[in-house]
Amino acid sequence: LAKTTQPISMDSYEGQEVNITCSHNNIATNDYITWYQQFPSQGPRFIIQGYKTKVTNEVASLFIPADRKSSTLSLPRVSLSDTAVYYCLVGDGGFKTIFGAGTRLFVKA
Amino acid sequence: EPEVTQTPSHQVTQMGQEVILRCVPISNHLYFYWYRQILGQKVEFLVSFYNNEISEKSEIFDDQFSVERPDGSNFTLKIRSTKLEDSAMYFCASSQGLAGSSYNEQFFGPGTRLTVL
Numbered sequence: 001l002a003k004t005t006q007p008i009s010m011d012s013y014e015g016q017e018v019n020i021t022c023s024h025n026n027i028a029t030n031d032y033i034t035w036y037q038q039f040p041s042q043g044p045r046f047i048i049q050g051y052k053t054k055v056t057n058e059v060a061s062l063f064i065p066a067d068r069k070s071s072t073l074s075l076p077r078v079s080l081s082d083t084a085v086y087y088c089l090v091g092d093g094g095f096k097t098i099f100g101a102g103t104r105l106f107v108k109a
Numbered sequence: 001e002p003e004v005t006q007t008p009s010h011q012v013t014q015m016g017q018e019v020i021l022r023c024v025p026i027s028n029h030l031y032f033y034w035y036r037q038i039l040g041q042k043v044e045f046l047v048s049f050y051n052n053e054i055s056e057k058s059e060i061f062d063d064q065f066s067v068e069r070p071d072g073s074n075f076t077l078k079i080r081s082t083k084l085e086d087s088a089m090y091f092c093a094s095s096q097g098l099a100g101s102s103y104n105e106q107f108f109g110p111g112t113r114l115t116v117l
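Those protein sequence lines, which keep their order, are chains A and B. The opening position of the first sequence corresponds to residue 1 in this note's numbering, with each subsequent residue numbered one higher. The opening position of the second sequence corresponds to residue 1 in this note's numbering, with each subsequent residue numbered one higher.
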């Protein structure tokens, strides 16, 4: 399973765009990149998944460069309720899912 | 929207006692998982379950742990003889397909907070 590296924490202000980058240098050909969000005392919640280029849904965008060794989760116009831990996961659909330490995003008013 | 449910929300037990944590996955999902999260730490994979058998387990999932899908709807995690270090939040998750494969997200339950005294 590919190891991922993310910033430990980030601060932002309401209304700003937040970009969280995840490094996964040893990503394998079959691996997908998935991002989860976790609020305190809750289970993680799926945000977005992608394989290459750009994926967008109603919540976020995911940018993946051609070499796929990193990915960037982009949250447009964050609000206070986006304060959470964001996890980047890389895997090929195997039965084991490994969460890293995640990025703790704190959105300020 | 369908969701994964877990009971109880909080379980307090004495060291050495057995506990069973219960989960009801989303009804058409085929893959089931248990994770734990010690307070302030990351989410740790325990075990995955498919077709009525364990597919993969982590080094945390030793002989004290077992899982079962007793009746086609519930998915349980049993800890035979709890230790102080088993105190954590335990999350159940389910997915329609293999997690991490194309667009087969895992849906997590709200968790059971286990406190071992």
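Note that these hints are calculated values from the structure, not bench results. Mixed in with the good hints there might be a few duds.
Stated by the list, open to error - Which stretches of chain A does chain B cover? Using the computed rule of at least three CB atoms under 8 Å from a CB of chain B, they are:
#	region
1	40-48
2	96-104
Unchecked claim - In the DSSO-like style, the derived pairs of lysine-lysine whose C-alpha atoms are separated by at most 27 Å in a straight line are:
#	chain 1	residue 1	chain 2	residue 2
3	B	K78	A	K69
4	B	K42	A	K96
5	A	K54	B	K83
6	A	K3	B	K57
7	A	K52	B	K83
8	A	K96	A	K52
9	A	K108	B	K42
10	A	K96	B	K57
Remember, predicted model here, so these are calculated numbers, not experimental data. Positions of the beta carbon are idealized from the N, C-alpha and C atoms, including for glycine.
Checklist entry - Hint numbers the structure violates, sorted upward? => result 3, 5, 7
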